[in-house]
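> These are the residues of each chain, in order.
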Amino acid sequence: MAQEEIDKAVSGEYTLGFEIDVETDVVPPGLNDDVIRFISKKKEEPEWMTELRLKAYHKWLKMEEPHWAHLHYDPIDYNSISYYAAPKTGGPESLDEVDPKILAAYEKLGISLEEQKQLAGVKVAVDAVVDSVSVKTTYQEELQKHGVIFCSISEAIRDYPELIQKYMFSVVPMTDNFFAALNSAVFTDGTFVYIPKGVRCPMELSTYFRINALNTGQFERTLIVADEGSYVSYNEGCSAPMRDENQLHAAVVELVAMKDAEIKYSTIQNWYPGDENGKGGIYNFVTKRGLCKGDNSKISWTQVETGSAITWKYPSCILKGDNSVGEFYSVAVTTLAQQADTGTKMIHLGKNTSSTIISKGISAMKGQNTYRGLVKIGASAEGARNYSECDSLLIGDQCGAHTFPYLESKDTKGQIEHEATTSKISDEQLFYLRQRCINEEDAVSMIVHGFCKEVFSQLPMEYAVEAKALLELTLEGSVG
Amino acid sequence: MSNNKNEKVLEIKDVHAKIGNKEILKGLSLDLEPGKVHAIMGPNGAGKSTLSKTIVGHYDVEMTGGDIIYKGKSIKDWEPEERALEGIFLSFQHPVEIPGVNNAYFLRTAVNAKRKHEGKEELNAAEFLREMKKYLELLGMKSDMISRSLNEGFSGGEKKRNEILQMMMLEPDVIILDEIDSGLDIDALRAVSEGINRMKDGKRSFLVITHYSRILDYIEPDYIHVLKDGKVIKTAGPELVAQLEEHGYDAIEE
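Chains as they are written, first to last, in my numbering: chain A, 36 to 515; chain B, 10 to 263.
Take every hint as true, because none was put in to throw you off.
Simulated crosslink set (BS3-like; lysine-lysine; CA at most 25 Å straight-line):
1) A:K503 / A:K401
2) A:K488 / B:K151
3) A:K503 / B:K125
4) B:K85 / B:K27
5) B:K80 / B:K22
6) B:K212 / B:K45
Derived coverage of chain A by chain B (criterion: at least 3 residues anywhere in the stretch with Cβ under 8 Å from a Cβ of chain B; other residues may be distant):
7) 459 to 470
8) 474 to 485
The hints are simulated quantities; they were obtained by calculation from the structure and are not laboratory data.
Please read these numbers as outputs of a predicted model, since none were measured by experiment.
Heads up, the beta-carbon is just placed ideally off N, CA and C, and yes, glycines get one too.
Isolated chain B (complex conformation) (with noise of 0.2 Å):
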């Protein structure tokens, strides 16, 4: 992929979505570039999360319209784990609890999934550990979480903390962080936002999905989209961001 400008990585192309019988995204429309970091602000209820659950391909949302085209293919009927493979992360909001399910097993049948899918060879349990090892310092987790079960009695934190562990394992090419500084403290919120810069190479993208300004001060936006009854309503730099803090979403006209 090259780093021209013009380039798109993701686009949604005025989709329409309903969760149950609501609809909740109305026209929405946005394109993500290489290389870039987009913030997505809205107040609750604009359909911030709805969006990432369209992205990825959630059971949640029916797609009534629009079309979502990554890398200049349409992957609207794609299943969830196709997007996966194909470099779409989502680090979750509320990340789920799997009992009696290691973490370090979980995480490396999801690398060797995804390394299998690119042709690569599959890493054995010592590669593995060896590489994880890295970012688990830079995580600041403690080395037994690799060895509980999966997200069962972690702190909100922690689950935070793993999200973007798995993150960094999967090395993925689009990257939704939906709320991902909520329930977090200033040394987690920090040591997340480390982690998050680090993937930052001029190639991928991020789709940071946040109700407050604060994650913005560790992860600089490129572009600022304002969300708003399921529609962007307003696209800027990133001194959207202090007007924002100044006069809230309802003086943005659309």
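Bound-form chain A, shown alone (with noise of 0.2 Å):
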């Protein structure tokens, strides 16, 4: 099969990279101590918020960025950025009052944020994000029956200041790393979850960040908190408009999971992956991390990585509490110019915790994609068992994949197996199924599908329907 056909398949056009056309406030480019406290101001903070953020960024100051991942790109200036960007008629009280062309973007977006019209006849609570600023979040008040909180970070830091004091920075510390450090000084916005005991959360949460404004950097923070005995399934998904600029998107997820509780947290994301030449797209730099603080807990990432031009993300589990479980299952497909440096650390701390890892990588055209996974098991955590599993799919020979496979172990009896393969897809393969009446870029995409199959299966349904639909327009005409 002749290279450019191939090339024209995985190359599938970004639909996601219109503009919204709404006024916004805009903060001057740059970081300082003013532009942290003017963020702290139009947030209404409380005054410890402002020093906890500005005790971040003058420890940030002091850091390097990191640069140990598989990853190429130009250096990132960070005083051209604007840390702060909101439509203007952002945080209405009631769908009424938002902005009609931010209710008209989700729709394209596919994402209702009338309560009334459900995701495929379900019910999905939504927290909008549009730049530094949460837009919408439905289903409050239902979710308020059942004692659930779910709401914009902002609203909880003014609403419920001992919930954020107590597990804010927690699980992931401002000084973490250079970009944990930098979102913990400048966090726009975010989701907060927190599910009292006892409590399963009756519908799907989910949050849709969009970037939107130009030169702006998206820094949000999400915070779930898990109480004893509860369980909470959430997704997050993403997009952003079409620049010829890299965009940074430097976020932090908090999970923690208590006693007998567990957090099921679904990512589908999908920025702007720049173009075939690797011009604009974004930066993705985040820290993900659970805690599985008390025994029995389980804590489960699933992502489905599409875009972005540089991805530099690692999703992880404290396995504190004994018994406790962590679950990895992704799914990253690097096309065009595209880079991935992701994986998961699994830390077992506790007596008989147990983790799995199933990583997927797909890489097309120019993309490069890279597993980096550690596995550590300490001194305590007697039994405590991994399994790792890590895949890589290359389409055509200009594509790379790359696996970096960390374990340390200190109880000797732990249990860790890692099993990793690398396959093309094969001539052999495509030609059995065209020989089967089964076009070329249906070939592919059944192939692909076949190779994701885990890891979709742990998607919730209509997540799963989403996930498979993007990749199929990501590595759309595999076929020429």
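Both chains are given apart, each in its own frame, so use the hints to dock them into the complex.
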């Protein structure tokens, strides 16, 4: 099969690259104490939060951007970025106050902010974030009946300061890494979720992030706390307009699962990937970490990563409670000139803790895909078990796949299994399907879906459908 | 298509073909008649598998001369799926494994692609399963094989039965069986032959490529073609099989 045919195929058009035409409040580019005070003031934050931000900022100034990842990009000029942008009509009390252009944009993205309009007939509560502010959170009242708190992080800082003070920075400390420190200083919006003891959250929760304004960064912060015996399934999605400049996205997500609690966190990441020459696209530097604090708790990360020019992301689990369980299911696609360095860290501290890592990397065109994972079994983690499986699929011969598994075990009885495969969509597989009347494009899609099956089966139904469609679109025309 | 004896469903005309830089087919000519079983026999390296690959348009093969006429049209520039949709089926010597792709889902996609091409209604899942169950039993296939990934972890016999299942579901007009008997035990050989014989309807043509004559005890050929050094060197009736067994390929005069 001719290479140019494959390339044409795997450069599926980015369909979410439109710009929402609304007036925006933007702070001038650059970062200093005043900008941080400005953000904090805009968010009507209490003084303690302002101080925490400033502390993080001063620590960040002394930190260095990490360069150990298998990624190549031009230096980021942190003073050319604007750290706050908000649609002028943001932060409404009711849907009527949301700028109709934003509503229309979300409709275009396939996300309804009207409660009666439900995704695939299933109730999904949505927090919609445009640039630096949450524009609408749905189903809040219904959730409140169950004691579930689902609101923007800005609201939570004002309304639930005791929960925020207790849990924010408890899993990802403010100076955890360069990007987490930057986020701690300038985070603008994001989502806060609290599920009280014994409550099974009655619907899927979801946040949809949209970078819209020019030359701005997006720094959201999400905190989910599942109290004893509770359960929540949370999903995030994202997109951005097509722009020639790179835009920085540096988010932090913290999850806390208490005794017998379970958090299922799913991501469909579809930031603008840039073009085939590596021009434009989102720089995605994200710190995601979950703490299985109580015994028998469980945190499960599922991610489908198709967007961004650069992805640097390692959703991790600290398995502190005895018998706690951590899972990481990932499909990362790099096509065009995209680069991804992604994986997970599973830190086993409690007894009989177990973790599962299933990572599927797909590379096409000039895409570079790296799996980087750490499994660490502490001295006290008697009976800990890990199973890792990292598979790479190459489409064409200009792309690359790299695997860096790190294993550290202090418990000699710990059981760690690691399997890794790299395969190319073989001409034999393609030919077999074509000889069975299936055209080349459908054949590629069938092979790729087969490859990702274990991960897609972890996604909630509605999102699995979306993920499949997205994958199809990303790899569209994999055939001539 | 009529049953006229002089009619040809597939005409291979003076075909030259190479794989890489090596010319394998050197002016091969062969006609398939409707409703007939043609057996291709020949020593290793004669070009038997290359012939089957050439007919179905495999990427490995570059045709450098001659033509292939199917139902009156030249197909040498057709895509592999076009040839398949028009009714040419190859049972692979080594069916490839495709992890994660459900066997039944794959086959329904294939069957519906062909039905759509023929302007027929697509089969829904229930209709498809009903249809498929009939053949599973005939082929002695366990029902869990349809829910497994395509050929993944299948034994040699299971893979070949799966090829025949696909053949029966796709109802092709020209069926190429490339070493269908290799690696089969006697039960599998019987089941596979039973499936093939079921497909004989007086119109379909079969091209049975084989190194050994064993399969020909089960599928009676109408013609034997001996292939040697990229050409058909002899065509005769089934009586040639006994002669070949006794004297080998070297005894055949060009």
